[in-house]
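A.B. asks: If you want the building blocks of each chain, they are given just below.
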Amino acid sequence: MIALPLLVERRQLVTPGDLLAEGDFQPGDNTYKSNGKIISQRLGLAEFKGKRVSVVALKGPYVPRVGDLVIGRIIDIVLGGWLVDINSPYTANLSVSDVTGKPFSPEMVSLSRILAIGDIVVAKVAAFDRTRDPAITIRERGLGRVEGGVIIDLTPTKVPRLIGRKGSMINMIKQLTKCEIIAGQNGKVLIKGRNLKMVELAIHSVRMIEEQAHTSGLTDRIRRFIEEEKEKASRMI
Amino acid sequence: MSITPQTEPLTKIKSRQMIEFLKSGKRLDGRTLTQHRNVKIEAGVIGKAEGSAQVTLGNTRVLVGVKIETGPPYSDTPNMGVLTVNAELLPLAHEVFEPGPPDENSIELARVVDRSIRESKALDLESLVIIPAKLAYVVFVDIYILNHDGNLFDASEYAAISALLNAKLPVVKVEGEEVKPTGEFKELPVRECPISVTIAKVDEALLVDPTLEEEVMASAKITITTTSTGKICAIQKSGGGAFTPQEILEAQRIARSKAEEIRSLIPGWGGRCG
Amino acid sequence: MGERKLIDENGLRVDGRRPDELRPIKMEVGLLANADGSAYIEQGKSKIIVAVYGPKEVHPKHLGLTGRAIIRCRYHMAPFSTPERKSPAPSRREIELSKIIREAFEPVIFSEYYPRSMIDIFIEVLQSDGGTRCAGITAASLALADAGIPLRDLVAACAVGKVDGQLVVDLNDVEDKEGEADMPVAYIPALNQISLLQMDGQLTEEEFAKALEMAKEACMKIYQLQKQTLKQKYVEAKEAVEKGEEA
Numbered sequence: 015m016i017a018l019p020l021l022v023e024r025r026q027l028v029t030p031g032d033l034l035a036e037g038d039f040q041p042g043d044n045t046y047k048s049n050g051k052i053i054s055q056r057l058g059l060a061e062f063k064g065k066r067v068s069v070v071a072l073k074g075p076y077v078p079r080v081g082d083l084v085i086g087r088i089i090d091i092v093l094g095g096w097l098v099d100i101n102s103p104y105t106a107n108l109s110v111s112d113v114t115g116k117p118f119s120p121e122m123v124s125l126s127r128i129l130a131i132g133d134i135v136v137a138k139v140a141a142f143d144r145t146r147d148p149a150i151t152i153r154e155r156g157l158g159r160v161e162g163g164v165i166i167d168l169t170p171t172k173v174p175r176l177i178g179r180k181g182s183m184i185n186m187i188k189q190l191t192k193c194e195i196i197a198g199q200n201g202k203v204l205i206k207g208r209n210l211k212m213v214e215l216a217i218h219s220v221r222m223i224e225e226q227a228h229t230s231g232l233t234d235r236i237r238r239f240i241e242e243e244k245e246k247a248s249r250m251i
Numbered sequence: 005m006s007i008t009p010q011t012e013p014l015t016k017i018k019s020r021q022m023i024e025f026l027k028s029g030k031r032l033d034g035r036t037l038t039q040h041r042n043v044k045i046e047a048g049v050i051g052k053a054e055g056s057a058q059v060t061l062g063n064t065r066v067l068v069g070v071k072i073e074t075g076p077p078y079s080d081t082p083n084m085g086v087l088t089v090n091a092e093l094l095p096l097a098h099e100v101f102e103p104g105p106p107d108e109n110s111i112e113l114a115r116v117v118d119r120s121i122r123e124s125k126a127l128d129l130e131s132l133v134i135i136p137a138k139l140a141y142v143v144f145v146d147i148y149i150l151n152h153d154g155n156l157f158d159a160s161e162y163a164a165i166s167a168l169l170n171a172k173l174p175v176v177k178v179e180g181e182e183v184k185p186t187g188e189f190k191e192l193p194v195r196e197c198p199i200s201v202t203i204a205k206v207d208e209a210l211l212v213d214p215t216l217e218e219e220v221m222a223s224a225k226i227t228i229t230t231t232s233t234g235k236i237c238a239i240q241k242s243g244g245g246a247f248t249p250q251e252i253l254e255a256q257r258i259a260r261s262k263a264e265e266i267r268s269l270i271p272g273w274g275g276r277c278g
Numbered sequence: 014m015g016e017r018k019l020i021d022e023n024g025l026r027v028d029g030r031r032p033d034e035l036r037p038i039k040m041e042v043g044l045l046a047n048a049d050g051s052a053y054i055e056q057g058k059s060k061i062i063v064a065v066y067g068p069k070e071v072h073p074k075h076l077g078l079t080g081r082a083i084i085r086c087r088y089h090m091a092p093f094s095t096p097e098r099k100s101p102a103p104s105r106r107e108i109e110l111s112k113i114i115r116e117a118f119e120p121v122i123f124s125e126y127y128p129r130s131m132i133d134i135f136i137e138v139l140q141s142d143g144g145t146r147c148a149g150i151t152a153a154s155l156a157l158a159d160a161g162i163p164l165r166d167l168v169a170a171c172a173v174g175k176v177d178g179q180l181v182v183d184l185n186d187v188e189d190k191e192g193e194a195d196m197p198v199a200y201i202p203a204l205n206q207i208s209l210l211q212m213d214g215q216l217t218e219e220e221f222a223k224a225l226e227m228a229k230e231a232c233m234k235i236y237q238l239q240k241q242t243l244k245q246k247y248v249e250a251k252e253a254v255e256k257g258e259e260a
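Residue numbers (my numbering), protein chains in the order written: chain A, 15 to 251; chain B, 5 to 278; chain C, 14 to 260.
Simulated from the structure, these hints should not be mistaken for lab results.
Among the hints, a few may not be true.
What the hints assert, rightly or not - Heads up, simulated BS3-like pairs for lysine-lysine below, C-alpha to C-alpha not over 30 angstroms straight-line:
id, chain 1, residue 1, chain 2, residue 2
1, C, K99, B, K71
2, C, K58, C, K99
3, B, K125, C, K229
4, C, K244, A, K47
5, A, K51, C, K244
6, C, K251, A, K188
7, A, K63, C, K256
8, C, K223, C, K190
9, A, K73, C, K234
10, C, K256, A, K244
11, B, K138, C, K190
12, B, K30, B, K18
13, C, K244, A, K63
14, A, K246, C, K251
15, A, K73, C, K99
Given these sequences and hints, build the entire structure.
C.D. replies: Right, here's the structure in full:
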């Protein structure tokens, strides 16, 4: 038998059109198969798992998936609920009954007293398919209107890197900075903390992930960064 | 801005049937892959126009009128007459055509026909200047789509060249500042007979002279114009698909041989080529 | 025509190039902060900037397609891009080019992934010296990739023409205007398909076949540059931080 060639290395930077493997392989995320060839669809890093070849994209739009945690902004109030911008090609619907737990009745108090245009919510994608806009819910612990903190942008495809394997990256940053960090899959990150310096460090850590998501040794680099900065700060006092 | 068009797809049954037919080298209307529909060309159908022709390709029907006036030549071509091609996708030709200014489809159509005529040097523009940089003949070719059943590029091109071959040039005399018609006419200097052939790619098959149904099914089309001496003078790939280089070379061979057939049907050309 | 020689006695062109030689090309990605993807190209004296927005919501909603994203494309020349001021209103040429450029991208964009949405491609020619539709396509590919829009491949484009009886690649403005033929080609290497092809002027059958081959080769050179450009920023960032580590 002829060995079937795998044409790139793990974590190799690839572009759309790059040939990744030929022969008995299966196309994973961000790849497609054409005439027995597995080809990349996106700029990203090659990954393999068994016979499955995929690409971890460095950039890309956010497409909702049921169960995703997202951070959105109320952009309109319509009959029966709110429209929420979730940084995606599809505007999400949040229904009154989801928020109040009661069926919607038109004589009910003005919806803007519950959630106003411009309010930020942490929500979960409850339903979404190709034919209809996503429905989101805030009826779960930890979800709901955001009362404070800073929201920063992170390329949606890099959110998994912020979270890290089993939460390793985000937990480390939380622990070191003592900040609360909520990573919306839609590329919105909420950071809350009492100490301004710590909030700054957490923000900077997320920026490092934005710029260095494709590099190795990132977790250690961020740990070192936060520790050094904390030390500097303590010496100044 | 150009926007992906919304096209009504064929019914599943029909599209499946078309592809099945194509696999055995046949088309739904009984033609072979490289066969044109019935081509009918009638020249001189509009008496008020200096030249005119009506072409039918199956159910596709196109009328072209040529009007000739005098006016200033373009500043960058002071020694040439002016050729202007315009196309109207009339609302009476199909329910999808809306009245209004020309859209990208009518502009593309006009420009593809213009390119065939201009690049083949069919019209001897140099002989159409009256006073260099001041006065020249302006030849308007207006394409009127009367019924749309596919392959508007070719039907329009055949009608345009036929109308030009049919056209009479009003002789003028210049007296001081005034341009006066003498009442006499001479032949419009048409020196070439470019023929475009459009080939659509449906599934893997290359189809000459596609009907509207075939165009809906086609991933892409290519229009190749050749001259009577066998040179290629214009090409336009259109539609959202693509061709392999081999398909393009094959399309070129088909276009070349089909063009000869069509050229023999162009009224008025036979008399001039020799 | 024929007023000036376009190929000299050494077989070189007006700007000193060999027949199969591209003009100097400079590409850059991600230079516009607001766009989801952006790119800039200089090919000879032609300068073009491209922005891609989307996929985003279609307004009004009924214009969206249920099975795919619609693609909108605008090729536009700046009033100051040409020797004589060009009216900013879209010309018939620009309208036609917007259409065929959009059609050149339809086969590579996985538009079926984003139903009911739209993807905008804005191509602005800042300075025109021939070959702007091709350079615009080359740059738009980079902008689409930079936006992270899934693509079957990058599209690379280049014209082949005939000047003084000889086939040459990547025509500049003089060669385009005074030459005997011009054939812009957009090529999708991974699929071995041509998604834009136009021609004006006159070519024999043999010349046409050779021109197509030359266009493919020129596109492949541009394709390599496109890939390098896309990777460059990331490679530099990676080297910068990882080197720091070793030191």
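A.B. asks: Output the indices of the hints that this structure fails to meet, ascending.
C.D. replies: Violated hint: only 15; rest satisfied.
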